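Once you've looked at the hints, dock chain U against the given chain S.
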Amino acid sequence: MTYLIDTALFILQGCGVTLNLFAITLAGSLPLGFVCAMVKTSGWKPFRIIMEAYTSIARGTPLLLQLFFVYYGLPIIFPGFRLERFTAAAVTFILNYGAYFTEIFRGGIQSIARGQYEAARVLGMSYPKTMLRIILPQTLKRVLPPVANESITLVKDTALVVVLGIGEILRNSKQVVSRDFTVTPFVLAAGIYLILNYALVLFFRRIEKRYSVYE
Amino acid sequence: MNDSDIMLSVKGLRKSFGHLEVLKGIDLQVGRGEILSVIGPSGSGKSTLLRSLIALEKVDDGDIVIEGRPIALSGHDHISDAKIRERCRKLGMVFQNFNLFPHKTALGNVIEGLVAVLKTDKETAVAKGEKLLAKVGLSDKRDVYPCYLSGGQRQRVAIARALAMDPDVMLFDEPTSALDPELIGEVLAVIKELAAEKMTMIVVTHEMGFAREVSDRVIFMDGGLILEEAAPEKLFSNPDHQRIRAFLDKML
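So the sequence lines, in the order shown, correspond to chains S and U. Going left to right, the first sequence walks through residues 13 to 227 as the numbering used here numbers them. Going left to right, the second sequence walks through residues 126 to 377 as the numbering used here numbers them.
Chain S on its own, in the form it takes in the complex:
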């Protein structure tokens, strides 16, 4: 029993890193996705092309490859430029998830009927005001389910940083597995991921409920 608790505590130490990466990624990628989506929907053509290239590359190549590229590849291109491991992971994750959120928000904004813009316009609202008061509040409701999905994927994707030797949940449990030759730590790790994601599901369910008063 003490063995179990000790193991669990050791793995949970890694949980801090996992949650940290999760929070930093969301804090960075949600605003990034929002800004890129606004640019993509309202924008000027050169910007749109840049955005298109960004989302295609970030979504079209493996996250693991991107991690390798930022951590091992950038120092080769720019000698002497080496990001700290966690920073490299955070930057990669923000850019990667930012691309997904860009597309989610863009789809959300574009799903709002033209008539909403027209109704706002005939009341005399400017474009920024229309976005702020009419379009974005409705978009928010529509993007909640896909954003919840991405967040759940993100919790699991944090395990990828194990390849950079960052001591998060998976790495810590793997250490115990190698040391003690038992599968229990993996089960514990799985349990922790499950709990984290279930908490996330409950959280999003609450917000969705708040927005369900209309339509």
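Quick caveat, the hints were computed from the structure, so don't treat them as lab data. Please read all numbers here as calculations on a predicted model, not as lab measurements. Even glycine gets a Cβ: it sits at the ideal position worked out from N, Cα and C. All clues given are correct.
Ranges of calculated distance between the beta carbons of each label pair, as one might list FRET restraints:
| hint | chain 1 | residue 1 | chain 2 | residue 2 | range |
| --- | --- | --- | --- | --- | --- |
| 1 | U | Lys247 | S | Trp56 | 34 to 42 Å |
| 2 | U | Glu211 | S | Arg71 | 39 to 47 Å |
| 3 | S | Ser54 | U | Ser264 | 38 to 46 Å |
Here is chain U on its own, set in the frame of chain S:
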């Protein structure tokens, strides 16, 4: 018509969508308190004309002047968007598909323009909103979201929303075309009430009975042009054009 009594004046209005010319040179004047119906077959340009008046469509050529202030001038290509919006505030618009804001209650819809554009303080706006909801007979729906309202109720909220901005001219774009037949009456009743108050109105409609009863003048559009413009008695019983007679026969 006295100059100060001209609410809206349109000259040589042209508009194409791609290769399709939808408006082929429209001239029109609407006087204070006048009620104008616009009828004609689908695709004749009625809605495009109405939408152009409130700058929802950018016209290719011609003048549109609202109470002496242009929102489009032939050969004068730039009037700033802010100015256009400002000038168009004299007009209120009611859409065929209501276009209510789904995330706002009935009252929230009615006061949105007051709060967001006119910066009216909340209390005054709510008082005004409640008065307008009462006017369209929906006081009890004050806090209800549009998805829980019938089509007729939605359109009445939309009318109240437009009226909240104190427009001088109300534009109605087929206000009853999306409604079940039994709900048309309640919306027409509200519009008739506005007519009785001498609100200047332009109504694009397929309700011939309504157009005949309420309008001071009826315009028949066909193929992007005004084919005939006359008092309702004349246009409905003795139009100059065979085309119109055929259209009316089909409608009745």
